[in-house]
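Going line by line, the protein sequences match chains A and B. According to my numbering, the first sequence holds residues 1 to 370 in order. According to my numbering, the second sequence holds residues 1 to 407 in order.
Just to be clear, a hint being listed does not mean it is correct.
[What the hints assert, rightly or not] Okay, derived cross-link-like pairs now, DMTMM-like style, lysine to aspartate or glutamate, Cα gap no bigger than 20 Å in a straight line: (1) Lys112/A to Asp164/B; (2) Lys336/B to Glu257/B; (3) Lys136/B to Glu62/A; (4) Lys8/B to Asp241/B; (5) Lys136/B to Glu301/A; (6) Lys143/A to Glu154/B; (7) Lys388/B to Glu281/B; (8) Lys321/A to Asp249/B; (9) Lys63/A to Glu367/B; (10) Lys199/B to Glu244/B; (11) Lys131/A to Asp164/B; (12) Lys363/B to Glu62/A.
No lab work stands behind these hints, which were simulated from the structure alone.
Residues per chain are reported as follows:
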Amino acid sequence: MKEIRIFHEAIENTSNMARKIKAGQKKIIGHLCSYTPEELIYAAGFHPMRLFSSKSDIVLAEKHLQSYCCSPVRGVLEDSLSGRLDFLDGTVFPHTCDSIQRLSDIWRMNGKYEFFADVILPAKLNTRSAKTYMTDVLTGFKKELEKASGKKITDTSLHESIKKFNLIRENLSKIYELNSHNPGLIKGADLYAIVKGSMVMDKDEVAGLLPVIAANLEKIDPPSEKGKRIVISGSICDSPGFYETIEEAGGLIAGDDLCTGQRWFEGMIQEDGDPMTAIASRYFDRINCPAKHTSLTFRGENIVSLARKNNAKGVIFMLLKFCDPHAFDYPYLKEYLDKEKIKTMAVEIDEQQQSLGQLSTRIETFIHMI
Amino acid sequence: MQGKPQKKIKAAKKMRDLMTTYYLEAMSAGQNNKQIAWITSGGPVEPLVAMDIIPVYPENHGAMIGSSKMGEDLCIKAEDMGYSSDLCSYARADIACSVVKGGPIGGLPRPDMLICCNNICGTVLKWYEVQARFYKVPLFILDTPFCHTGYSPEAAVYVRSQIDEYIGFLEKVTKKKFDYDKMALAGKLSLEGQLLWQKVLNTTAHRPSPMSAFDAFFFLALIVTLRGTQIPVDFYRELIDEMEQRIRDGISIIPDEQYRLLWDNLPLWYQLKWLSSEFSEHNACLVADTYTSAWCGAIKYTDENNFLDSMAQAYTRIYLNIGVDQMADQVLEMIKFYNVDGFVMHSNRSCKPYSFGQMDIMKIVRERAEVPVLMIEADMVDPRNFSKSQVETRIDAFMEIVKQRNK
Ligand code: SF4
Ligand code: SF4
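Sequences and hints are given; from them, build the entire structure.
Put into structure tokens, the structure is as follows:
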């Protein structure tokens, strides 16, 4: 599908794509997290762009972050220090894990870009005071953006922005749903490209392409189901090879619980009423990242229902080495799935090391077994 | 290597007795109809004191596990349970200990509630979630927004309102009314204890130093665990007297102190003796550290007459909850105040928020304080990430540089 190809092309050369966006007179604000209030950045007239590590060798970042820091954090710092992100006009750091928290400090102290902001979100997302605080923090960020852009972010522009992002979310959900009904309808690598592309590409372009893809997929005759349905859980999965490995081993990717997947686009923002409260509310309602607290069982129940909903035969945990929040949740999520007799396996990944050799044997064994 | 003989600090015995009494009381809480709250080391303990709830500190327990060299076994048990070996070793050891009831004191007394303040790290949030599921007890989270560059008015409102939520939580769990008078007293004693602790630490500014950071690591336990009561107040007064007497008598902790060093990050609990003699062989004394001083760093934000209101800020702006540049400023101040000749940083695999940013601090210290800096890689409790011979070689080489510069 030619629309999908556009996504592939965009993520293959993000700096090229960034250059095009800049040529259109848009400033680019980079970020690293699914808790980034992208709606605000977009409404301010900037382009919010999620940063992924280029996975180049760590040389310069070695002087700032020890080897026991997770690969996405070290990798993105390396990209910045070595000039690969020079297209950025600024960055924003929503507060999540300890590693990003310190990356933000290091980034600010070695500041390279015009705009810098911390959005110090609450860690618990289940109380009224936390919600008030979240709304206040978002309002503060909005002011910083206004200062940077030199113009007010009106409620009208915010509503429009919210609508745009909702449209993107709605269509991604639709694509996921179609695929979940008939896994294999879309290849894992394509799914990956679409989601990643949606995080980095021009939002208007994405909003134009996704409905076309969804409509086309609806028309395609689904392939007969050959393989075992798998759900992936973890933080960042920036490896198309990982999806391919699962498919080659006889698995079908039916859904995910990833920062760079469903967890990023799930949940709509209410389109009427006060936009700031509406944006905050979505973060409270949607399934949380393990660096945030909602309840003691929310993620456990969610992974079970996700596996159920997708009729998954197994769940593969994709854990990034040195990622504390996810590593802490893994035994508990596994326990929930064990209780329901849903098979699991865990793989530990370091983005820097790209070879999936050993891993593919293990994944194959797992898929055979389930 | 055998360390040189040191003139012992007399108060150490009393300190040990106090801690034993405290743990015995905690262990028999059930028989005495008292409730137990597990709380993070940087957590607001004063309201617990006011409610007559016994606070128990898994982190202090973690240090004990480390000191008694039981860390490796417990960490391995946690790994068998599925916890990654890259997680904080306090958390790993504690989580395993709850299941196997091992460790130096046979595990901690069962909690009736958990109080987690994330002003030190995000790890405690996850760790306490694990324990709340395990013990099936209520968890209160005091969420202290990170202060990269300052304390925002929004954060002030948020944290202050959580203090009331905390009180409400305690009333609900204990089914008792909160005692504001007792709270005010606990607040006063807490501040007094912190001021005295600061004074204890300040005695090492004297050359030669009457005690070292290794002693501070030991004496720290009181201000952590019994903050808000009379006990640390009385004890630290005595300790200060002893230190001042030592200063008057010219007694130093290192027989022939020639070099003074500042330590960063948590200690290596399982190698305290070795490390201390390693430095004293070079006539070097670790006179101060950034870790133990964290329990008096927020004094400036505390209002003795309005503790409850001021504690929001005091608990939010502690050493680990501020930006790396502000941490570097504090390090520079300490270098000056304690007049040190070198800075030793423990790059601690367990503690990411403490260790990430250290390399930037190192650079700042080298540039602005012009003292040599050594960074050693280890872990506070898990000895598998520590190589004695490697660290020894590095310390020796570092001390050569320090000596050269002070010729
Ligand atoms: S991978 Fe984990 S540790 Fe790394 S930035 Fe993401 S949440 Fe933080
Ligand atoms: S050692 Fe560090 S990561 Fe572990 S509990 Fe303490 S502050 Fe948190």
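- Item | Hint check, failures only | Violated: hints 1, 3, 8.
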